[in-house]
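Q: The chain contents come next:
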Amino acid sequence: MLETKANPNISKSTGLPRKRFYRARAHSNPLSDSHFPVPISPSHVDYSLHYPHFFPSSDQSDSSKKIQFADIGCGFGGLLISLSTLFPETLMIGMELRDKVTEYVKERILALRVANPGQNQNISVTRTNSMKYIPNYFEKGQLSKMFFLFPDPHFKEKNHRRRVISTHLLDEYAYALGVGGIIYTITDVEELGEWMKACLESHPMFEALTEKELEADPVVELLSSATEEGQKVARNGGQTFRAVYRRVTPPL
Amino acid sequence: MKFSNFSNRSSEKRVTAVALSNDGLHVCFADKFGVVWVVDLDSVDSNQALVNKKAAQMLAHYCSIITSLEFSPDGRFIVSADRDFKIRVTVFPKKPLDGAHEIQSFCLGHTEFVSCLAFVSTSEYPQGFLVSGSGDSTVRLWNISSGSLLDTCEVEMKAGLLESNRRGEDCNSAITDLCTIPDCTMIAVAIQSLQGIVLLSCDLSARTLSIAKVVSIMGETFIPTSSRASFSAGLLWMVSGVSNLRGFDHHSLARVRVISGFNKSNLDPQEFEPIVLEDNEIPGGYKLLEKLQGSVVVEEKVFLAAAEAVKTAMSNLLVKKQYSVEKREFRKRTRNDRKTKQ
Ligand SMILES: C[S@@+](CC[C@H](N)C(=O)[O-])C[C@H]1O[C@@H](n2cnc3c(N)ncnc32)[C@H](O)[C@@H]1O
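Residue numbers (the UniProt record's numbering), protein chains in the order written: chain A, 1 to 252; chain B, 1 to 342.
Read the hints as simulated data drawn from the structure, not as lab findings. Check the hints yourself; a few may be wrong.
Below, simulated PhoX-like cross-link-like pairs (lysine-lysine); rule was C-alpha separation at most 25 angstroms, straight line [said to hold, decoys possible]:
| hint | chain 1 | residue 1 | chain 2 | residue 2 |
| --- | --- | --- | --- | --- |
| 1 | B | Lys158 | A | Lys156 |
| 2 | B | Lys301 | A | Lys158 |
| 3 | A | Lys158 | B | Lys54 |
| 4 | B | Lys94 | A | Lys140 |
| 5 | B | Lys54 | A | Lys140 |
| 6 | A | Lys197 | B | Lys95 |
Being a predicted model, the structure only gives us computed values, none of them experimental.
Bound conformation, chain A alone:
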């Protein structure tokens, strides 16, 4: 998956991939079927390709380490890179629908690994439609954090079912998250912010974090500052709307 080779799209001066070679359509339609490989089940995810430092051979049986954080619609990968050093022993993956953007993130991670030996070994990215294939990547209760930062708003009523947060999709996220796991959402679109909050609030398997808990969580401040989209909003002085919820056992 992540392979090293001489790449003309990588800037000679910084060693980092140049974004202009990875320009892509602004929005992808998650409903249309694209063709990318999908792991048959979580045990088919090849950890040695994603995290060669932690899994030197493709034989996974020697380690029980599993991916714990998922950044859904990771875009250009800014959040993963910030989290990588904050939680150096935690495996995390970005899931991204656009192939060019995914390629960019791959190159970016590889370049960082070369530039900072021993670092950024715990992050990777995969091209997939998270609305369909989460169960193919993660076992029940495997994740402890899921991120949905600045997702596509899909304003029109008839396109609401394309939104990456919905009651039905929350059922799947609740399955992938262990009890106590946290789902982080943020947007600069007020209407979407209210939508995400309402979906989470009415779901029997999620409960809002208190203000105190939010203050104590070092990840919360990254939500608005770590990603490319977040930085853009901040530059333009835009408002953001956040909803952070914990996975709980449903009441009987």
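Model the placement of chain B with the ligand on the given structure of chain A, informed by the hints.
A: Relative to the frame of chain A, chain B with the ligand by itself:
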């Protein structure tokens, strides 16, 4: 037996699967967008004119086609299968109208669309085991509480259907239907390309599936598309059906055949001797057949066309098409939802 239509529900999208809860209080159905709806039958009074009860969304497979819905024998779970190779096991909640949010497991392992589901249960294993059939020509046995795959039976290969029937190189014969025989651990499997039915036996203590018998039906190209066992008489009823046949007098075909011998006493797979009944031997005889099929005689060429039509319809609906890059771009440009925008 008498059925009466005591209530009508309508759905905006085509319905692809239906299941009635074991206590008879809820009916669930899936639409073409992957949403499973539930209707509460509890307060429906069959003698009264109906208050039109509304269906509520209960769960969804995001934008997939749901092919089968089944309740577990103990009624605790509802199982849904889709064209994206996936089987979802959901806790059937106390108040299903508020949604079924708690996913017990996903059963993952099929490498093509999942076409059918059934439960095998006995008095020793009342909670039962799930079996599934797929476009990948296999039948699989699952533990639904963990989602783990217990066994895989390559029906097409093991039943020796490969050489004799394969036309195109890489086309699998899809499993089209599964039917468990009541009170026993045998499963009748309908598979495209077989004139007849494959009987699998399921060893619940060893958790394995194996082929017990291939029952072929001589004399006509009868490839069943669905089958049901009757509880008392030890009979397996099979239907080969298709609608929209082009170029024939009859636009649709239904042919019914019956196999006997499924009596409790002789269900040892070794000794079991199934008999394919002649039309005049089936309960109800020609009269019933005439009612069910529309006519008693069906021409051979109609059978062949029907088998082909079923195959095409199934793969058109459920198999993902592989387009070349150019063709894909073209399809994107001409997509309907784009057109309306302009
Ligand atoms: C507005 S961007 C935000 C990116 C990033 N989280 C950030 O904050 O900069 C939304 C991203 O989600 C991706 N996306 C949309 N639907 C998706 C899906 N179903 N599966 C995976 N990614 C998806 C889009 O391709 C896009 O890159």
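Q: Does each hint hold? Answer for all of them.
A: Evaluated hints:
no.	hint	result
1	B:Lys158 - A:Lys156	violated, 52 angstroms
2	B:Lys301 - A:Lys158	violated, 46 angstroms
3	A:Lys158 - B:Lys54	holds, 21 angstroms
4	B:Lys94 - A:Lys140	holds, 22 angstroms
5	B:Lys54 - A:Lys140	violated, 33 angstroms
6	A:Lys197 - B:Lys95	holds, 23 angstroms
Taken one by one, the earlier hints fail for this structure at numbers 1, 2, 5, listed in ascending order.
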